[in-house]
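A.B. asks: So the chains spell out like this:
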Amino acid sequence: MFEDLRELYQEVIFDHNRNPRNFHVMENADRQVDGFNPLCGDKLTLFLKLDGDIITDASFQGNGCAISTASVSLMTDIIKGKTQAQAEELFTVFHEMTTGKEEHINLEAVGKLAVLAGVREFPARVKCATLAWHTLDAALKNQQQAVSTE
Amino acid sequence: MTYPIEQIRADFPILNEKIRNKPLVYLDNAASCQKPQAVIDSMVKLYSHDYANVHRGVHTLSVRSTDQMESARHKIKTFINAASDKEIIFVRGATEAVNLIAQTYGRANIHAGDEIIITAMEHHSNIVPWQMLCEQTGAILKVAPMNLAGELLMDEFEQLLSTKTKFVAVVHTSNALGTLNPVEKIIKLPHAKNIPVMLDGAQAIPHTAVDVQKLDCDFYVFSGHKLYGPSGVGVLYGKQALLEAMPPYQGGGDMIRTVSFEKSTYAGLPYKFEAGTPAIAEIIGLGAAVDYLNTIGMQAIADHEASLLAYATQQAQQIDGLKIIGEAKEKGAILSFTLGRIHPHDIGTMLDSLGIAIRAGHHCAMPVMEFYQVPATARASFAMYNTKAEIDVLISGIQNLIEMFG
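These protein sequence lines map, in sequence, to chains V and E. Counting along the first sequence from 1, when you hit position 28 you're at 27 in numbering that gives the first Met the number 0, and nothing is skipped either side. Counting along the second sequence from 1, when you hit position 2 you're at 1 in numbering that gives the first Met the number 0, and nothing is skipped either side.
Where hints are given, some of them may not hold.
Said to hold, decoys possible - Pairwise CB distance ranges, derived in the manner of DEER restraints:
(1) T82(V) / N15(E): 50 to 60 Å
(2) P22(E) / L106(V): 35 to 45 Å
(3) Q142(V) / K213(E): 47 to 57 Å
I should point out that these hints are in silico values taken from the structure, not numbers from a laboratory. For clarity, every value in this text was computed on a predicted model and none was experimentally measured. Backbone N, C-alpha and C define an ideal beta-carbon position, used for all residues, glycine too.
The following block holds chain V by itself, in its conformation from the complex:
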């Protein structure tokens, strides 16, 4: 019945939505930033633990759609162990993939995040996928104020 949506709602997305990874409050986090999409009301709080330049741990709390929940769940997994510069680079590649700026999907660069490539066909949903990453960007730049997609 939902043939058109298989690209967007892949099984991995449902899995992360049902069982989000790293879904908890982090005590003694080095960075904590709120992300908010005022258009839809999606809210998340991102926590990071840093060791020098390395992101040693990441977790989140919040409430959002399957796309935004899966995106932040995947992101918190994939950035662990990465340097801040590597995480920023991943954000750039992810952004290009989800907005369709870069047609070719560099599987090597995005890895598991490729399951979110389907949002490029759904302009109304791109912000659901990128909210987590905008919040990460603010956290890495150590901005204290909440992030808004608008």
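Since the structure of chain V is already known, use the hints to place chain E on it.
C.D. replies: Below, chain E without anything else, positioned relative to chain V:
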């Protein structure tokens, strides 16, 4: 007489659209209604044969445009049974009308320590303009609470009314919940204390007959695009004596009598509040929408929509895990709901792939979402052209998406 649903559907060309190769099922009417051919034709005819600026030229086209625009004003005056055409002010929409009242009536009459009463179910457009006025004047905004069904608590509303109360602004039908407020009573209570009352009718007027003299409200505001008319035009109704006493909103052309660099004098009603070239074609299109609605009859439309809502509610209640948000006894044709952990945005995208348009989000009523402790709801809202068969498509879509989500 049976309701002419086939004829009505044929009058709305967009209903023939295919969305993702499926017939369109348009259930986002509380956000905006679709337009009958008569409205589209009226604007095409104007631009093709009769268009020029209004109230200015002596030439033929200016006279034609002016006549058609003023005729639209008169149609709207009759539609809501205002006492005079002078009481019909054209604005951009309900939002601008509320801002106009707050910044003219409000700035002139509401001062530090005075209180303005709204309700817990208001749209942002009937919250923020009053907050801005409170910031400017030092007045205080009071919010009358509602119960879990989404009904205004009348006793608490009454208790809020005091000698400090200088204005009451209440939604006629809530866009997020569907609640149809007991407006006669809501108007009578403040009037007993000489407090003026504004009704936000944006969500009510497309679905129910409105008689502003019978209601005795001081102001009534609505948007054209929700009344099957064009976007970019709305109406502020106000009692003539109040409008006369209010200072102008914006300055410019059309709203003046004389201008010199020392002092300008203002035009009479309704032009005092209509600075600049108005939305001429949109106003004329709104007049055509009112003509069209009159051929069907607002009571017939209200009855049709009531049967749609009853059917949709009964069907929705059969779905496991579906929770209806807003269960007032008196409701407009709005079905707001949540599906447990399936987020409304996912519901919206999934239904869209089946050709079904609903709204997902906070419906510009964040305090209402806060009250129900949900980030958002999905909302199906019905109009004169919807059918029970379309509700069946919606219900089957919801059942299937629940299955897909697993």
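A.B. asks: Look at each hint and say if it fits the structure.
C.D. replies: Outcome of the hint check:
A hinted range of 50 to 60 Å for the beta carbons of T82(V) and N15(E) is consistent with their spacing of about 56 Å. Look at P22(E) against L106(V): about 38 Å separates their beta carbons, and that is inside 35 to 45 Å. Between Q142(V) and K213(E) the beta carbons are some 56 Å apart, a value that agrees with the proposed interval 47 to 57 Å.
Of the numbered hints given earlier, the model fails none.
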